[in-house]
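Peer 1: Residues per chain are reported as follows:
2 protein chains.
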Amino acid sequence: MKTDSSQGLIETCAVKGIHPDVIARVESNMPEAVHLYELSDLFKAFGDSTRIGILWALSISELCVCDLCALLKMKQPAVSHQLRNLKQARIVKSRREGKVVFYSLDDEHVARLIRLGMEHVREQGR
Amino acid sequence: MKTDSSQGLIETCAVKGIHPDVIARVESNMPEAVHLYELSDLFKAFGDSTRIGILWALSISELCVCDLCALLKMKQPAVSHQLRNLKQARIVKSRREGKVVFYSLDDEHVARLIRLGMEHVREQGR
DNA sequence: TTATTATATGCTCATATATTCATATGATGA
DNA sequence: TCATCATATGAATATATGAGCATATAATAA
Chain A
2 MKTDSSQGLI ETCAVKGIHP DVIARVESNM PEAVHLYELS DLFKAFGDST RIGILWALSI
62 SELCVCDLCA LLKMKQPAVS HQLRNLKQAR IVKSRREGKV VFYSLDDEHV ARLIRLGMEH
122 VREQGR
Chain B
2 MKTDSSQGLI ETCAVKGIHP DVIARVESNM PEAVHLYELS DLFKAFGDST RIGILWALSI
62 SELCVCDLCA LLKMKQPAVS HQLRNLKQAR IVKSRREGKV VFYSLDDEHV ARLIRLGMEH
122 VREQGR
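Line by line, the protein sequences are chains A and B.
Number 68 in our numbering belongs to position 67 of the first sequence; there are no gaps in the numbering.
Number 85 in our numbering belongs to position 84 of the second sequence; there are no gaps in the numbering.
What the hints contain is simulated information worked out from the structure, not anything from laboratory work.
Some clues are possibly wrong.
Pairs count within a copy or across copies, as identical chains cannot be separated in the list.
[As the list claims (entries may be wrong)] Derived BS3-like pairs (lysine-lysine); straight-line CA-CA distance at most 27 Å:
id, residue 1, residue 2
1, K45, K74
2, K74, K100
3, K45, K100
4, K94, K74
5, K88, K76
6, K88, K45
7, K76, K100
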């Protein structure tokens, strides 16, 4: 319930923040909480070196689990577990061909996000 | 040490992967390991709902700690801890004005990444 | 100086998560 | 059918991490 929020009046921090007008303006531009959660979950899925390795590799080419293991020099269960995470997050999709399962990115946004992130990293490395 | 990697020959999975030619092609497009680590660290910094809330808010306006607390309805130490994480990751910067410390994004990439991620989230919500 | 306000930080607990091993499942071919 | 290969999964363990409390620091004003 919002009672008072008279404009511009500086109130004490502990309760309401110092700049109610700024807060109000920012608040009106905030996404719904649910969307923020989904967004942080998306980034969380990128926030692990194994998964980023997987995703970068898949941004080059569809790959089977086995090849991913060789590429990342990691054990098969570790790779499979991370693939499951990525699949549950709807970031990758899979396709079975006989015994082999091929994984690929489920969306073009993913590759764009990764490239943009790398751009940032490289510039920071300066 | 690479000894053999004769072209196209399908080898057994456990050791070398099934498709050595594909692996080689992807491998040549992989960034250095260090960069992948930095990239996953970057995304890790986005991978928490508190931090994403902070970052989205800062993408609208520079804000002081106090206002962020009010905006996110979170306790001050929690917000400060996350701000420290973000600062160490060089994602936000701070500026002191008397007792008040204002935080803002340290780089335009950050806002772009967040918007692009949100685009993805909204489309998936379909 | 002391008091007050805004922010930072050390410590702890609880929880989340990544990897490993062992094993299960699924597909193929003998 | 059985054996083999590729992948998936359950359980256990180790590590990472977020939030809370208490308290420290920094700036200002009385």
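Peer 1: Each of the hints needs a verdict: does it hold here or not?
Peer 2: Hints, one by one, checked against the model:
1. Within a single copy, K45 and K74 get their C-alpha atoms as close as 22 Å, and across copies as close as 22 Å, so both meet the 27 Å cut-off.
2. In this homomeric assembly, K74 and K100 come within 27 Å of each other (Cα to Cα) only inside a single copy, at 21 Å, whereas the closest approach across copies is 51 Å.
3. Taking the shortest Cα distances, K45 and K100 never come within 27 Å of each other, neither inside one copy (30 Å) nor across copies (34 Å).
4. Taking the shortest alpha-carbon separations for K94 and K74, only the intra-copy value of 22 Å comes in at or below 27 Å, while the best inter-copy value is 37 Å.
5. Taking the shortest alpha-carbon separations for K88 and K76, only the intra-copy value of 18 Å comes in at or below 27 Å, while the best inter-copy value is 34 Å.
6. Taking the shortest Cα distances, K88 and K45 sit within 27 Å of each other both inside one copy (13 Å) and across copies (18 Å).
7. Within a single copy, K76 and K100 get their C-alpha atoms as close as 18 Å, which meets the 27 Å cut-off; across copies the closest is 52 Å, which misses it.
Checked against the numbered hints given earlier, this structure breaks only hint 3.
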